[in-house]
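Chemist: So the chains spell out like this:
There are 4 protein chains.
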Amino acid sequence: MNSIRFPEGKTLDFVAVGRLCIDLNANEINRPMEDTVTFTKYVGGSPANICIGMARLGLKIGFVGKVADDQMGRFIVRYLEREGIGTDNVVTDRTGAVTGLAFTEIKSPTDCSILMYRDNAADLLLTAAEVREEVVAGAKLLLISGTALAKSPSREAVFQSLEYARRHGAVIAFDLDYRPYTWASEEETAAYYNLAAEKCDIVIGTREEFDMMERFEANTGHDDRVTAAKWFDYRAQIVIIKHGKDGSIAYAKDGSSHRAKSFKANVVKTFGAGDSYAAGFLYGLMQQWPIARSMEYGSAAAAIVVSSHSCSDAMPTKEQVDEFIRMSNAASPN
Amino acid sequence: MNSIRFPEGKTLDFVAVGRLCIDLNANEINRPMEDTVTFTKYVGGSPANICIGMARLGLKIGFVGKVADDQMGRFIVRYLEREGIGTDNVVTDRTGAVTGLAFTEIKSPTDCSILMYRDNAADLLLTAAEVREEVVAGAKLLLISGTALAKSPSREAVFQSLEYARRHGAVIAFDLDYRPYTWASEEETAAYYNLAAEKCDIVIGTREEFDMMERFEANTGHDDRVTAAKWFDYRAQIVIIKHGKDGSIAYAKDGSSHRAKSFKANVVKTFGAGDSYAAGFLYGLMQQWPIARSMEYGSAAAAIVVSSHSCSDAMPTKEQVDEFIRMSNAASPN
Amino acid sequence: MNSIRFPEGKTLDFVAVGRLCIDLNANEINRPMEDTVTFTKYVGGSPANICIGMARLGLKIGFVGKVADDQMGRFIVRYLEREGIGTDNVVTDRTGAVTGLAFTEIKSPTDCSILMYRDNAADLLLTAAEVREEVVAGAKLLLISGTALAKSPSREAVFQSLEYARRHGAVIAFDLDYRPYTWASEEETAAYYNLAAEKCDIVIGTREEFDMMERFEANTGHDDRVTAAKWFDYRAQIVIIKHGKDGSIAYAKDGSSHRAKSFKANVVKTFGAGDSYAAGFLYGLMQQWPIARSMEYGSAAAAIVVSSHSCSDAMPTKEQVDEFIRMSNAASPN
Amino acid sequence: MNSIRFPEGKTLDFVAVGRLCIDLNANEINRPMEDTVTFTKYVGGSPANICIGMARLGLKIGFVGKVADDQMGRFIVRYLEREGIGTDNVVTDRTGAVTGLAFTEIKSPTDCSILMYRDNAADLLLTAAEVREEVVAGAKLLLISGTALAKSPSREAVFQSLEYARRHGAVIAFDLDYRPYTWASEEETAAYYNLAAEKCDIVIGTREEFDMMERFEANTGHDDRVTAAKWFDYRAQIVIIKHGKDGSIAYAKDGSSHRAKSFKANVVKTFGAGDSYAAGFLYGLMQQWPIARSMEYGSAAAAIVVSSHSCSDAMPTKEQVDEFIRMSNAASPN
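Residue numbers (UniProt numbering), protein chains in the order written: chain A, 1 to 334; chain B, 1 to 334; chain C, 1 to 334; chain D, 1 to 334.
Do not take every clue at face value.
Copies of the same chain look alike in the list, so a pair counts if it works inside one copy or between any two.
[Unchecked claim] With a straight-line cut-off of 30 angstroms between C-alpha atoms, the simulated DSSO-like cross-links for lysine-lysine are:
hint : residue 1 : residue 2
1    : 264       : 199
2    : 264       : 107
3    : 318       : 230
4    : 107       : 253
5    : 199       : 151
6    : 10        : 245
7    : 151       : 318
8    : 261       : 318
9    : 60        : 107
10   : 253       : 199
11   : 253       : 60
12   : 318       : 264
13   : 230       : 199
14   : 230       : 60
15   : 264       : 10
16   : 253       : 230
17   : 230       : 151
18   : 230       : 107
19   : 60        : 151
Don't read these hints as lab results, they were simulated from the structure.
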C-alpha cells in the first residue's frame, strides 16, 4: 500500500510527454569515442525509455510528443508501435526540424559520457495546441520530463499537459532529467522546474538537480529533508532524491522516508539506470505496492539495464525483473 | 472595509515589476500620425504609470525594472526619482538594448492607436537574479504586469518576484496589460498568464484579455462569473473584468460583485485610463476602503487622465481626485 | 570636364538603393537629450537625404527601398513623392517590421550624437527579387549606401542592384556611410564593403571608414594615396576620402588629386553635412563639371544644411547653392 | 598541356577551405534508413574528401577550417594528420558548436540520399581573422567549396581566403557543392555564389547548380555555353558543367570544349563521385596534363569511389587509378 490514489475508469495506465530521440551507442566499448568506428541506433530520450520500460512490464501506455519528418522520426514511431505504445498523439514536425541524437561513449563502466545533438530538435517543437486533452484525460498517471521544459513551445505544451492532468484527476510524476544543453541559463531552468514541480504528486531527481532548483533558496546544507518538505507544501506526495551510487531516498508526505535496496550488477555502462528505475518504481506504485517495494523493483530493473549495451532495448519484462530479484535474493539472503 | 489584508511592518506600500518605457505623444491631435510632426516625450509603460499614479496619491513606492544605458533610460530614472519612487532595483542594461517606445496617435477621442517599438527593449532583459529579494520583501503590495511576461529573461524575473512576494507575505496584484507585440503566439501568452494568475490575490483585466487566457477552456459564453470563479480556486480574492465604455465589474471571493460608478469626462484620448484606474483602485484597497469605493476612486483618477494629453504626467494627486469627485457629485447628484 | 561618362538615353538621372528612415530631431538644442522634451519628425537615412538633395537641385530621381507598413512608412513615401522622387520601387514590408529611427542630440554645434533604433528595421528587409531591373536600368547613376549592406536580405539586394547597374551601363557611386549598429563584427563589414567597392566607379568615405575596410591589409600609415590606388585596380575612377573639419581629398584614376574649398557656415549641428556634400558633388559630376568645381558645389550645399535644424528638409535648391557661393565669394574673395 | 599556370616556389600544392564533417554510412545497404541499425563513421565534407583524394595521389595538402571541440572534431583532425594533410589552420571552436553530420541512406545504387545535421555546425563558424594569410600564400591552388558560403562568419572567411589567394597568385578552383540546408533562400545563394565565382579560375558544378546561380539572368535555355561564357568575362579559364550520368563538359577560355570519358563501374552508391572526380581532375591539371586527360583521370577516381562503401576512406592512390585506367582500357579498347 502507498498513499497515491490512482483514478478509476481510465483507458490508459500511463502517458508521458516529452523527448523522443535516437541513441547512437558506440559498438566498441571501453575506449574514447575518438577511437570508435561503428554505432548502433536505438530509440532514446528519458520519457521514451520509461514508457518502453513500463510497456514491457505490461502496462497500457500512450505518448505525447513530436518527431522529425525523416527516417529517424519514422523509426521512432514504428518502434513505439511495436512495443504497443499509443502514438495517436505523436505529431510529425513539418518545419524541417531534426531528430535529437545522443552519441554514447563508454570509456569504462564508470566513465561514460554523451555527445548530444539538440539544435533544432523536433521534440522541442511540440505546441500546447497539439497536446490532445482526451489523451491526457484517459491516463491514470502523467509523466513529464524536465528536458521538455527547456524551450518554447515544448515548455508550454508541458504546462498545458499539467493543466489537463489536473482537470481530469491524473496523478502526475515529474522526472527532473536536467540536461544543460538547450537551456539559456540555470536561472531559467530553476524558474520552470519550480513552476512545474508545484503541480506534481511525485518528484524524482538527483541531489544536483534539486540543488539547481534551489538556487534562489536558503537550503545551503543541501538537506534532503528540507528539499522534500518544500514540495509537500504544494501538491507532492512522494519526493525521491537520488545520490548516485550512494542510493536514493524517498520522502512521503506522511513523514515517512524510505531507502531503496540496491542490487549487484555486472555494469557495462551507467546510461539508462535512472529511466529503468523510474519505470520499475512507478509500475510498483501503480500496483499499490508500498514505496520501499516499488523502489526495490525499480532498482532491479536498473540493475538489468546497466548490464546491457542499450537503454530502451534492454528494458526488462515483468518476468525478467521477478526472476532477477529471486536470483539476487537467493545469492545474498539478508 | 475589504477582504484584503495587507501585511504590517513593511517599509514600502507598493512595488511594481516590469516595463519602463517612453511615450512619444503627437502634439497635433485629431489627425492620423502621417500628418503629425512633433512629439512630446513622457515616461510610459503600464506599471510605471501606476507607480507614478500611486506616488502622486501619497504612497511609498519602489520599482523593479531595467532601463537602457542611454539618454532615454537616464531620463526615466530621473523622472521616477523626482516623483519619489525608489529606483534602487532599477538596473541598467549593458548589452546595448534600447528603451521601448510608444508613439501615440489620436485620430479622435475614441480612435486612438499606438505604434510600438519593442525589439531589443531593455525592460525585457531583467533577470531573476537582478530582482532583489529585500526590495520585494519590503512591500505590502506587489504589482506585476503582463508585458513583462512576454520574453525571457524578464518572464523568469516576474516569477521570481512572485516567489519572493509569497515568501514574505505581500499581497500580489496582476494587471494583465496584454500587448500582442513580442509574444510568439497566443498559446504562449495563455500559458504564462495562467501560471502567473494562479499566484495572485487581485487580477485586473479586460474581457478580451481573460478570453485570451481561456483559449484552452470551455467558457464559450465568455461569462464573467465563470472567469472569476476559476481564480478563486487558486489564490485570488478579487477579480476585476473591464468592459471598456460599458464599465467594469469586480468579483470578490466572498461571492459579492461590484460595479464601478463612472464619471463624465472631457475625453482627449483613451490612453492611460486603465493605469490611472488601477492606481486609484489599489490606493483605495490599501486604505481599507470597500471595493465599490475603491473602484469609484479609480474611475475618478481615470476621468482626470483621459482629459489630458499625457498618461504618466497627468496622474492626479489625492487632492485632485477628491476635488474631482466632489465636483462631479455636486454636478450630478444621484 | 571630368572623366566620368554617364550613359545616354536614360529616363532617370539618379537612383539610390538603401535606407529610408525617420529622424527625430530634438527641438531644444545645446543640451543633452535627457533634458529635451519635444522632437520634430523628418525623413532620414543617408541615401534618402542624398536623393532629396539631388531632387531639389533639379534632377530626375528614383528610389529602391522598403518601408514599414505603418504611419512612419507612409509618411516617408508621401514625402518622397512630394519631392518628385519616384517611389515605384519602394516596397512595403508585410512582416511587421518597423521604421528605423534616429533621435538626434545636439549638445553643441560640435558635439552631436545619434540614438539609433535599427532592430527589425524594414529597410534591411528589401530582397534581391524586389529590386526591379528596369528601374536600375533606367538610371544614369546608381548610388549604394553602406548601411544597406549590414544585413541579409538587404545586402543581397544591393549586390543585385550592382549587377543590374553593370549590365545596363550605369555609373555606380558608393557612399560608405558606415554605422556600427546592426553589423555583427568589423570583419563582416570589411568583407562586404570591399566586395561592393570593387564594383563601383566612385567611392566616397571618411578616413575611418576606409581604415575599417583595410583591416586585413598593410596600409598601416593610413595613406590616402595607397587607399585610393587599391580601387583604381578594380573599377574606380574617383575616390574621395573625407577628413572631417580638415576637408576632403579626391583622387582620380588619371593620377590627379583635388582638395575641396570649404565655406564658412553658422553651424547648428554637423548632421547631414556628408549627405548634402554627396548630393552637390554628384550633381556637379553629372553636369560634367571638373572634380574640383563639383567638390566646391558639395561643400556649399553642406554649409547650408549644417546651418539648419534638419537634414532632408534643409537640402537647398540650385538657386540657393548658387546664391550661397556668390555671397561667400563676395565676402571672402581669394 | 593546359592553360592554367600554377605559381612556382610554393610549399604546398593545394589548400582547401571549408567543411569538415562526419559521414555516418549505414552498414546495411539497399534498404531505407528506417530499417538500418548500424552506422560506420568516416571523415566527410566535400573539400575534406577532395583533400584526402589529392593527398592519396601524392600532393602536399593543407586545410583551412574549423572543428568542434568534441570527440568528432578530434577524430577529424587525427584522420587528416594521418593522411599527411596540414592542419595548422584547422581551428577548434570554443562556443559549443557541434560537428556536422551526414547520415547516408543507400536504397539502391541509384537511389541514395543524405540526412544532414547542419544546425550549429562548427565549420560554419570559421572567421575571416582565423584564416592565416601565410597558409593560403603557400599554396599553388586554393579550393573553395560552396557550402562554406552558406552562413556568416564562414562566408566572410571564404572571401578573405579568395583575397589572400589573389594577393599571392594562387590559382583558385570553386567546387559549387550546393546544399540547400542552412541557406536562407535561393536568392541569397545566388548572390554569394556569383560574387565568389567572379574571382575563380576554375568553376565546377552541376547544371542545376549553375541554374540556381542564373536565377536573375536570361539563360532560359540552360545553355552550357552561355553559362561558361559569362565567367570568361571575369577570371575563369575553365568551367565544368556536370550532367549526372550523361557525363560532364569542360569549356576553356580559349573556346575549346572537352567531354570526359566515363568508366564502367560496379556502383554501390553515388556519394563521393563528385569529390573524387574533382580530386583526380585537379591533380591532372597540376601535372600540366591536357584538360581531357585530367577529366579522364577524375572519372577513373570517381569510378573507384562509387564502387566502395565510403567516400573519404575509398579515395584511391595514384597506383590504383593508373591500374584502373589500364584495366579498363584493356577490357574495352576503343
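Chemist: How would you classify residue 318 and residue 264 at a CA-CA limit of 30 angstroms: within, between, both, or neither?
Modeler: Cα proximity of residue 318 and residue 264: one copy only (19 angstroms, versus 57 angstroms across).
Chemist: For the identical chains here, do residue 10 and residue 245 meet the 30 angstroms Cα criterion within one copy, between copies, both, or neither?
Modeler: neither (37 angstroms within a copy, 48 angstroms between copies)
Chemist: Within a copy, between copies, both or neither: which one fits residue 199 and residue 151 at a CA-CA cutoff of 30 angstroms?
Modeler: Answer is both: 19 angstroms inside a copy and 23 angstroms across each meet the 30 angstroms cutoff.
Chemist: Measure nothing new, just compare the shortest in-copy and cross-copy C-alpha distances for residue 264 and residue 10 to 30 angstroms and report within, between, both or neither.
Modeler: Close neither inside one copy (37 angstroms) nor across copies (58 angstroms); limit 30 angstroms.
Chemist: Have a look at residue 230 and residue 151 and pick one of within, between, both or neither, based on CA distance no larger than 30 angstroms.
Modeler: both (26 angstroms within a copy, 28 angstroms between copies)
Chemist: Evaluate residue 151 and residue 318 at a C-alpha cut-off of 30 angstroms and name the case that applies: within, between, both or neither.
Modeler: neither (36 angstroms within a copy, 46 angstroms between copies)
Chemist: Within a copy, between copies, both or neither: where do residue 253 and residue 230 come within 30 angstroms Cα-Cα?
Modeler: both (11 angstroms within a copy, 27 angstroms between copies)
Chemist: Is it within a copy, between copies, both, or neither that the alpha carbon of residue 264 lies no farther than 30 angstroms from that of residue 199?
Modeler: neither (35 angstroms within a copy, 46 angstroms between copies)
Chemist: When no copy is specified for residue 230 and residue 107, does a C-alpha distance of 30 angstroms or less occur within a copy, between copies, both, or neither?
Modeler: Answer is neither: 38 angstroms inside a copy and 54 angstroms across each miss the 30 angstroms cutoff.
Chemist: Regarding residue 230 and residue 199, is the shortest C-alpha distance of 30 angstroms or less found within a copy, between copies, in both, or in neither?
Modeler: both (12 angstroms within a copy, 16 angstroms between copies)
Chemist: Reference check for the pair residue 60 and residue 151, CA-CA at most 30 angstroms: within, between, both, or neither?
Modeler: within (29 angstroms within a copy, 39 angstroms between copies)
Chemist: Indicate which option fits the pair residue 253, residue 199 if close means a Cα-Cα distance not exceeding 30 angstroms: within, between, both or neither.
Modeler: Both, since 15 angstroms and 23 angstroms are each at most 30 angstroms.
This entry does not satisfy hints 1, 3, 4, 6, 7, 9, 14, 15, 18, going by the numbered hints stated previously.
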